[in-house]
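Novice: Here is how the chains run, residue by residue.
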Amino acid sequence: MLTLEKRPQPSKNWTYAAPLLAVVITMIVGGFVFAALGKDPLVAIRTIFYDPLFGEFASYSRPQLLLKAGPLILIAIGLSFGFRAGIWNIGAEGQYIIGALAGAAVGLAYFPDGSRIVVFPLMILAGVAGGMIWAWIPAFLRNRFKTNEILVSLMLVYVAESIQASMALNLLRNPDGHGFPGSRNLSQIPASANLEIFANTGIHWGVFTALVAVVVSYGVLMRHRFGFDVRLAGQSPRAAIFAGVNPKRLVMTCMLISGALAGAAGMFEVSGPAGRVSIDFNVGYGFTAIIVAFLGRLHPVGILFAGILMALTYIGGELAQLSLSLPGAAIQLFQGMLLFFLLAVDVMTNFRIRFGSKE
Amino acid sequence: MSDILLSLNGLTKAYPGVVANSDVSFEIHEGEIHALLGENGAGKSTLVKTIYGLVKPDKGEMTLRGQPYQPGEPRQARASGIAMVFQHFSLFDALNVAENIALGMENPPPMGELEDRIREVSEEYGLPLDPRRIVGDLSAGERQRVEIIRCLLQNPSLLIMDEPTSVLTPQEVNILFETLRKLSSEGTAILYISHKLEEIRALCQAATVLRLGKVVSKCDPRTTSAREMAEIMVGASLHVPTRAATPKGDVVLELKGLSAPAPHRFGTALQNIHISVKAGEVLGIGGVAGNGQDELLAALSGEMKSAHGMVRLGGEDISLMGPNERRSVGVCAAPEERNGHAAAPDMSLTENALLTGAVRKGLVSRGLLDWPATRTFAEEIIKAFDVRTPGPGNAARSLSGGNLQKFVIGREIMQKPKVLVINQPTWGVDASAAASIRQAILDLAAEGAAVVCISQDLDELREISDRFAALNDGRLTAPRDMQGLTIDEIGLMLGGAHDMEVAHVDA
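Residue numbers (our numbering), protein chains in the order written: chain A, 1 to 359; chain B, 1 to 507.
Wrong hints could be hidden among the right ones.
[Stated by the list, open to error] Restricting the straight-line Cα-Cα distance to at most 30 angstroms, the calculated cross-link-like pairs of lysine-lysine (DSSO-like) are: (1) A:K6 to B:K59; (2) A:K6 to B:K214; (3) A:K6 to B:K305; (4) B:K218 to B:K196; (5) A:K248 to B:K305; (6) B:K56 to B:K218; (7) B:K305 to A:K146; (8) B:K383 to A:K6; (9) A:K248 to A:K146; (10) B:K218 to A:K12; (11) B:K383 to B:K214; (12) B:K182 to B:K196.
Honestly, the hints are just simulated from the structure, not real lab data.
I would like the entire structure built from these sequences, with the hints used as guidance.
Specialist: Quick look at the structure:
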């Protein structure tokens, strides 16, 4: 029989080994799934994990990697504070959409005049503000009426999607678009385009912001009182109150941080890779970022690597869809498995397995 | 002497890095009240867990009435007639007495029948208890009765009791002792674990002393003095805290009609509490657990704010200040629950030093944490209070209860507060560590701090308090000078409005 025995201290080795082991198990189990779909598992895994980096079309897919990893990292960094403190913002996707809409609205309002120096920073501020407003709602309701922020933030995603559709069809629709839904293409307007900072690297302003967020959040978590309060509140809520942490203020702060970064990510996306507000320009980064946050151990550096890994599965998945005609759902399954196995392997950090009967 | 009930031969149990029991042998006779003594970490709990089937020994054997006895799990131990009352109760607040008892039984009889049995047993042994009452409303003494009756319903031949009197008033202790003596006279053996040596002398007929996992002495507690037993336990002569008669200064801490609603369903509302504590004075607050101790501490620490003007420091109103503002003006507190309240178990000692030390030790400037200074502070605490740990980087949960308690108390004392509020400073701490904690409290008072010490250990309060008040259902009696207060008077103060039924027992 197996028994789990609590470790006196969380194991340092397992903290680092668990994500790696989860990736390996995911590859193995994923391989079986691909085999069951009638594909060669080795080829499939190589297509997903190797080809985008070093394959034939790597020069095209490598910039894509950072392009996709940027928003994931940015959103996940924002979520990680709340997740550490036990505040579950599941609705980053909604905050992402509202941030994108607000940023796009500012950019379009200045069309066709307006200089980039004024317009682009204003768009960023608008995106941040939009995300914060959308995150403020569940935080306020939790503090005031003890509602569950998981449900409220999640339901607000669907509200945001409806607003997005309405915007694409009415308010923000391109007047020169022959009646087709969707806004003007922001990425083609010099004042509002989220350009690459270095050509052909995929590093646009959003990716740059994500990297800054990694560094800043590392500093806050390790060296700032706020980071300490967040960790304390997550581990021992009562001790946190004893240490002088105001739980309501903490809920509000964490939600606003995650909303701000998700909103910024949305704005960078709509003015860059997505280009314009359409009915469905959002591709679920807000949800995938939850996996990224946990895969990265809620640690800024971990999130950086996890974001890149997750971006790899997106791009590799697309490649596999094209070249192996794997169904898109199989790739989502793959990403889901990654989180599933991570949570399972995580047990090893705090417990050790003993074989044989209980003493 | 009567027949041997349970005999232990050479029991040995090692855990990685520590030998909990080493070659432990002794006998318990039928109907005997046998004391098991030892400091924290001496191996008492491992030993009783072995007897109760929770731990399997590496070596050695047990015999029960001459037959080999190897319980694989508690169920087998219970089937063999061994029952145990744990130090921490395992009861559900929201269920009633009979339901709680039924949950612990293998084959509970129908509820009506069970209630009758409970009434029968409780009357027979002088433990009045209404099976229909909700456990959340019971006092600690009454909760213990639930646990005892749960055991007695199995007609045990050996009853193990782990620190049973730590939560009882003196009157409740007397009732418990009557019950235990009656059980003993009927042939039930009792293995009695306690730190309180006077109680053991009053109750027990034999004693086995453990130190570092080994049996170091077997004595007759009726003829051995408490001091002798304590010294056998510790293995050294015992340091008794000394108190310098310090002149008392001005009033530092004042509570003026402090009232507050209960913070949660099973909490206690504080009602019109008045105290004033002078510099250099220790005010002892006694009372049975659950009478408002946690709430009083929270109201003083700032975790629970009170109405304007109710809490004053040197005449200044601090009622509306949060915990860190109060620390900055000199009020520090150490709550009872170490894990998850006074300390964060998964965090390192350095981080735990920051938890309350940030303000007074200046460990944070402009929001940035000064880790080197924090680590130094943690190291100072570890050194000054003899906290046994490899270093400040270790998680709080890796420390034993007594060591963590030393750290928590040390953390507050080393901030040199003007007012220190402590709840249960030596709960679960062994004799020598307890003595050093008490000494540190007295030293702090001698330097001019006002100390409020909330405790359920009356011996402790008698040892360190200048004045004594009792907390009862959220009300506080008027404080009286400790000197000259008899144990009976204390008992009456504790009993107060608490309608403790004094049971009569037909011995």
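Novice: Each hint should be assessed against the structure and marked as holding or not.
Specialist: Hints and how they fare:
no.	hint	verdict
1	A:K6 to B:K59	24 angstroms, holds
2	A:K6 to B:K214	27 angstroms, holds
3	A:K6 to B:K305	37 angstroms, violated
4	B:K218 to B:K196	17 angstroms, holds
5	A:K248 to B:K305	15 angstroms, holds
6	B:K56 to B:K218	24 angstroms, holds
7	B:K305 to A:K146	20 angstroms, holds
8	B:K383 to A:K6	29 angstroms, holds
9	A:K248 to A:K146	10 angstroms, holds
10	B:K218 to A:K12	45 angstroms, violated
11	B:K383 to B:K214	28 angstroms, holds
12	B:K182 to B:K196	21 angstroms, holds
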